[in-house]
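Visitor: Here is what each chain is made of, one letter per residue.
2 protein chains.
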Amino acid sequence: QGTRDHAPAQVALRERLLSAVVSCFKRHGAAAIDTPALELRETLIGKYGEGTKLIYELQDQGGELLALRYDLTVPFARYLAMNKITNMKRYHVAKVYRRDSPAMTRGRYREFYQCDFDIAGQFDPMIPDAECLKIVHEILSDLQLGDFVIKVNHRQILNGVFDVCGVPESKFIPACSTVDKLDKVPWEEVRSEMVGEKGLSPEAADRIGEYVQLHGGLELIEQLLQDPKLSQNKLAKEGLGDMKLLFEYLSLFGITEKISFDLSLARGLDYYTGVIFEAVLLQQEKEHGEEAVSVGSVAGGGRYDGLVGMFDPKGRKVPCVGVSIGIERIFSILEQRLEASGEKLRTTETQVLVATPQKHLLAARLKLISELWDAGIKAEMLYKKDPKLLKQLQYCEDTGIPLAAIVGEQELADGVVKLRDVATREEVRM
Amino acid sequence: QGTRDHAPAQVALRERLLSAVVSCFKRHGAAAIDTPALELRETLIGKYGEGTKLIYELQDQGGELLALRYDLTVPFARYLAMNKITNMKRYHVAKVYRRDSPAMTRGRYREFYQCDFDIAGQFDPMIPDAECLKIVHEILSDLQLGDFVIKVNHRQILNGVFDVCGVPESKFIPACSTVDKLDKVPWEEVRSEMVGEKGLSPEAADRIGEYVQLHGGLELIEQLLQDPKLSQNKLAKEGLGDMKLLFEYLSLFGITEKISFDLSLARGLDYYTGVIFEAVLLQQEKEHGEEAVSVGSVAGGGRYDGLVGMFDPKGRKVPCVGVSIGIERIFSILEQRLEASGEKLRTTETQVLVATPQKHLLAARLKLISELWDAGIKAEMLYKKDPKLLKQLQYCEDTGIPLAAIVGEQELADGVVKLRDVATREEVRM
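Chains as they are written, first to last, in my numbering: chain L, 1 to 430; chain S, 1 to 430.
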């Protein structure tokens with residue numbers, strides 16, 4: 001449940017998609033690492049907020065207590081700490097596992113690919129953060145998924161807001177995960193969860209409501225820097241300062257048009273400490289009878305400066321910022337689009353079929369195909385002793401093989417091969 | 001335990017290796033599929049002989065009982081049956097999981113990659129089987145791993161041998177898994193396990209011993225076809241007939257020199273029904289102080305005509321034959337060889353570093369690198385506001401970036417960029 005097999009056409013489409021993502025990561029100078037799908041349970045516990053209950057645990061069969069990785073960020077932090085690496089730009093494309101309720105049509109699975117790019121190291125503020133947003137912009141533009149917006153916020157701004165609204169520090173994280181629901185449910189519901197479940201005062205909730213419904217650009221940052229309450233709050237001031245610098249760099253990258261500073265963005269994970277962001281596709285017009293797919297977020301990420309330190313025996317911190325591309329959701333869109341277009345992806349790369357027009361020529365086929373393989377040519381033959389020529393040519397048409405190399409008795413006697421262009425039926429002897 | 005992280009240099013080496021293997025699979029016209037790492041427990045139980053106890057099971061957290069896949073063959077058979085596919089040539093490269101005792105230096109892990117190629121379908125005998133052996137031959141030759149031999153045997157020949165030696169049919173499979181140990185322990189030990197643990201009579205064991213210590217080529221097949229006992233046995237006769245045909249095809253492929261018909265080869269898995277094979281590297285001379293790695297089998301496979309039927313509600317069979325390349329063992333050898341050579345693999349593909357020679361030029365760097373990225377050029381910069389030029393050039397040398405694009409105050413005023421070849425220090429303004 002919640003997993004799926006990929007047929008050859010799906011693998012072909014996925015490889016096309018992954019190659020677009022990976023070439024962007026490589027364009028930004030990232031190296032690849034690989035970590036096991038299994039992690040110690042203790043590595044994963046307490047890193048994912050409400051997600052922790054969705055971790056797949058392995059049975060205790062003796063030895064270590066294991067779980068399947070929930071994302072690629074925690075294993076990356078564990079890797080950095082274990083190897084005492086303080087500086088690294090890496091990407092990782094691999095499957096992760098979540099015992100979530102699956103929603104396959106929206107691209108939500110229990111086993112799914114993540115494509116992560118992260119920059120670890122102590123650097124000048126906002127330069128790596130801006131690059132992560134540039135990457136999201138490049139990938140979503142390259143893939144031509146239609147219009148999108150990248151929402152940006154900052155955990156310290158959120159904490160500052162909670163602080164000036166009278167929320168005690170111990171309730172920052174619960175308040176944050178409630179705000180996170182604002183993209184799915186209206187403010188009234190979020191407010192009632194804050195007051196009921198999370199135990200905030202109604203006044204605090206109302207004050208929070210005024211802030212978290214704001215979104216805009218540089219002018220909103222300037223406005224909040226003048227806000228009588230926020231401008232007095234250390235957390236908020238630092239966060240807003242970062243945000244201003246970030247917008248300066250994004251404007252040098254020429255991408256501010258797609259960026260929205262959105263105070264309702266909170267991101268569910270515990271480990272974020274600074275800038276956070278999430279890209280969403282904007283609803284497209286229904287065209288050519290295509291059904292509109294509601295896909296939600298297609299990329300997300302943020303800064304997590306404390307996570308590596310949690311795995312270091314001396315608590316040494318390595319600041320990190322990264323982005324994860326929601327490949328499954330994008331895949332759903334591309335799959336639906338391909339289906340609508342009627343285009344058929346080739347699933348093999350075979351260049352030539354070795355064929356015979358008469359009986360008793362299997363030996364000739366085996367000899368010729370062996371020479372072709374040894375010469376690095378992608379070649380197939382039917383696994384029959386005496387297949388009909390028509391069947392062999394039909395196989396070429398069905399699978400998109402462009403050429404047939406035909407050896408009949410005459411060709412064998414003359415020491416030649418007849419090369420046939422399957423589409424035009426043109427033939428040359430060579 | 002038994003798993004490992006791959007650092008960038010290891011990923012780069014692994015990708016080089018996998019790409020050699022995958023391009024061979026594509027050369028033979030295979031399409032890729034992908035299946036989940038999780039399977040239902042019941043799918044895996046009873047398919048792996050003594051291996052079954054090494055399956056990783058997931059904790060029962062409600063819902064289905066799951067396990068991690070043990071190989072890629074059983075999931076492939078399950079995939080064919082589920083989708084009622086009767087004809088397919090596919091490859092699959094993915095990780096599998098075994099709770100084995102790890103032996104990392106020999107390349108034995110609990111999480112490891114398998115690279116499988118399989119041909120499913122009802123075809124004329126031995127044509128797909130011969131292609132699998134050709135593939136092993138091509139890959140091991142391409143990778144230049146030194147001399148190797150591909151041992152070939154046939155489950156029906158083994159069963160015929162057991163039969164004529166007086167073993168009851170119910171003990172064929174246990175006898176088979178005991179014979180399988182002959183490549184690791186001497187015949188005396190195998191004999192005593194047969195008589196003790198497996199309950200064969202000493203006479204039967206001795207008779208088996210005479211057969212399973214034989215190996216050779218076509219002449220051995222001819223000899224056994226004349227063997228007074230085997231030639232009267234239906235199973236053995238069929239197996240030997242297959243083997244003769246196989247050798248005919250292999251000789252058309254020009255690879256019989258590396259093939260050894262070896263009656264001691266049994267393969268541990270329950271599901272094989274016909275031709276079985278295993279490639280082993282021959283011990284190399286120790287050269288240049290290299291330590292000799294004992295790696296054993298580097299590829300194996302065989303025919304399994306009954307497995308798909310086990311997953312079909314009506315038991316419909318789809319004959320299959322396939323090969324699995326032991327990528328971890330090959331990787332160990334290549335890694336050791338790379339280390340000995342002192343060659344350093346580049347782990348990134350960055351073409352140019354964007355650098356500035358004076359302070360206060362971060363904006364110029366951000367603008368230029370953004371243009372380069374948008375033009376598809378792989379570019380990096382240091383994440384510092386005012387890095388020293390020497391540090392920037394040092395970074396190029398450390399990571400192998402061939403070019404530096406330098407914008408200083410003068411270049412900015414002139415509207416040019418200074419492009420520097422890092423190795424030769426040659427510079428051009430453009």
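Careful, some of the hints might be misleading.
The list makes no distinction among identical chains, and a pair is therefore deemed to hold if it is satisfied within one copy or across any two copies.
List time: in silico DSBU-like cross-link candidates among lysine-lysine, alpha-carbon distance up to 35 Å [unchecked claim]:
#: 1; residue 1: Lys384; residue 2: Lys26
#: 2; residue 1: Lys378; residue 2: Lys344
#: 3; residue 1: Lys229; residue 2: Lys385
#: 4; residue 1: Lys95; residue 2: Lys26
#: 5; residue 1: Lys418; residue 2: Lys258
#: 6; residue 1: Lys181; residue 2: Lys391
#: 7; residue 1: Lys95; residue 2: Lys84
Worth flagging that the hints you see were computed from the coordinates, not collected in a lab.
From a predicted model like this one, the values you see are computed outputs, not experimental measurements.
Visitor: Are the hints correct? Go through all of them and say.
Guide: Hints, one by one, checked against the model:
1. For a Cα distance limit of 35 Å, the shortest separation of Lys384 from Lys26 across copies, 20 Å, qualifies, whereas the shortest one inside one copy, 45 Å, does not.
2. In this assembly of identical chains, Lys378 and Lys344 lie within 35 Å of each other by CA distance both inside one copy and across copies; the values are 20 Å within and 32 Å between.
3. Taking the shortest Cα distances, Lys229 and Lys385 sit within 35 Å of each other only across copies (31 Å), while inside one copy they are farther apart (85 Å).
4. Proximity of Lys95 to Lys26 under the C-alpha cut-off of 35 Å is found in both arrangements, the shortest distances being 20 Å within a copy and 24 Å between copies.
5. When the C-alpha separation of Lys418 and Lys258 is checked against a cutoff of 35 Å, the pair qualifies only between copies, where the shortest distance is 32 Å, while the shortest distance within a copy is 57 Å.
6. When the C-alpha separation of Lys181 and Lys391 is checked against a cutoff of 35 Å, the pair qualifies neither within a copy, at 58 Å, nor between copies, at 45 Å.
7. Taking identical chains as interchangeable, the C-alpha atoms of Lys95 and Lys84 lie at most 35 Å apart whether they share a chain (25 Å) or sit on different chains (27 Å).
Violated hint: 6 only; the structure is consistent with all others.
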